[in-house]
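A.B. asks: These protein sequence lines are chains A and B, in that order. If you're matching positions, the first sequence starts at 15 in our numbering and goes up one per residue. If you're matching positions, the second sequence starts at 10 in our numbering and goes up one per residue.
Quick caveat, the hints were computed from the structure, so don't treat them as lab data.
Which residues of chain B face chain A? A partial, calculated answer using Cβ under 7 Å:
# : residue
1 : L16
2 : F22
3 : R40
Glycine included, each C-beta is placed from N, C-alpha and C at the ideal position.
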Amino acid sequence: MLEKGLVEADTLDAIVDLYEHNIGPKNGARVVARAWCNHDYKKRLLSNATAAIAELGYAGSQGEDMVVVENTSEVHNLLVCTLCSCYPWPVLGLPPAWYKAAPYRARAVAEPRAVLAEFGVYISEDVEVRVWDSTAELRYMVLPQRPSGTGELNEEQLAALVSRDSMIGTALVKAG
Amino acid sequence: MDGIHDLGGMHGFGRIDPETDEPRFHAEWERRMFGLMMAAFATGIFNVDEFRHAIECMAPAEYLTTSYYEHWLHSLEQVMLEKGEISRAELELSWSKAAEGLA
Chain A
15 MLEKGLVEAD TLDAIVDLYE HNIGPKNGAR VVARAWCNHD YKKRLLSNAT
65 AAIAELGYAG SQGEDMVVVE NTSEVHNLLV CTLCSCYPWP VLGLPPAWYK
115 AAPYRARAVA EPRAVLAEFG VYISEDVEVR VWDSTAELRY MVLPQRPSGT
165 GELNEEQLAA LVSRDSMIGT ALVKAG
Chain B
10 MDGIHDLGGM HGFGRIDPET DEPRFHAEWE RRMFGLMMAA FATGIFNVDE
60 FRHAIECMAP AEYLTTSYYE HWLHSLEQVM LEKGEISRAE LELSWSKAAE
110 GLA
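Generate the whole structure from the sequences, applying the supplied hints.
C.D. replies: This is the structure we're talking about:
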């Protein structure tokens with residue numbers, strides 16, 4: 015394709031550089047921290063995620079139609095794409111290999127609690143586990159629960175606590 | 010479409026195996042494949058649904074024994090062939106060049 019002039023080498027390098035250095039889970043972590051600190055922002059995030067995420071400057075390929083699902087003391091959310099490997103790139107970057115591999119895609123919908131346990135996440139039986147399977151267009155992100163003991167932290171310090179996996183649902187956020 | 014890609018609920022794939030400090034790309038060719046696909050999308054020659062459909066049309070045995078970015082390569086080759094942007098002969102020539110590069 016390079017030889018035929020359909021694409022240019024400089025374009026390839028620029029695109030790859032963007033995804034290697036600028037687009038990753040730190041974006042999503044800033045969204046989460048903002049939602050924890052700002053109640054109005056959180057309401058906007060849960061009602062129109064694409065627009066609320068764009069407020070922080072994150073938009074683009076694989077994030078055109080976002081839905082954010084909130085973890086609470088009653089509900090734990092888990093994301094998967096059983097059909098391929100759909101993933102919200104603008105907020106989480108490119109997906110890890112395990113997310114794209116057959117075991118996770120096959121099992122997340124059938125035995126989510128067992129899958130979570132493999133990640134060291136044990137969800138109490140009285141907490142509902144909801145699994146969100148991406149469609150061709152929709153991309154989900156989990157809004158994890160803010161850990162207790164973080165009342166003194168500012169938005170930036172909170173963002174530093176938020177891991178990629180906590181926004182997929184395969185981890186919880188821990189204080190410090 | 011009912012195909013091998015519809016993995017939800019299937020048994021027998023074993024444990025999930027997260028890597029520690031996973032790199033963004035596992036090899037230079039993966040990095041190149043990613044850039045090539047994004048640039049190819051930008052040309053407007055094909056869309057994401059055509060890209061995905063070409064992966065779903067892979068033979069089941071091939072689908073299960075190839076990696077994520079190999080699926081991408083398969084799809085890119087197929088859609089470019091179907092759209093007439095490359096010919097079978099050009100594709101074969103590039104395969105033989107790649108094989109020479111490995112030799």
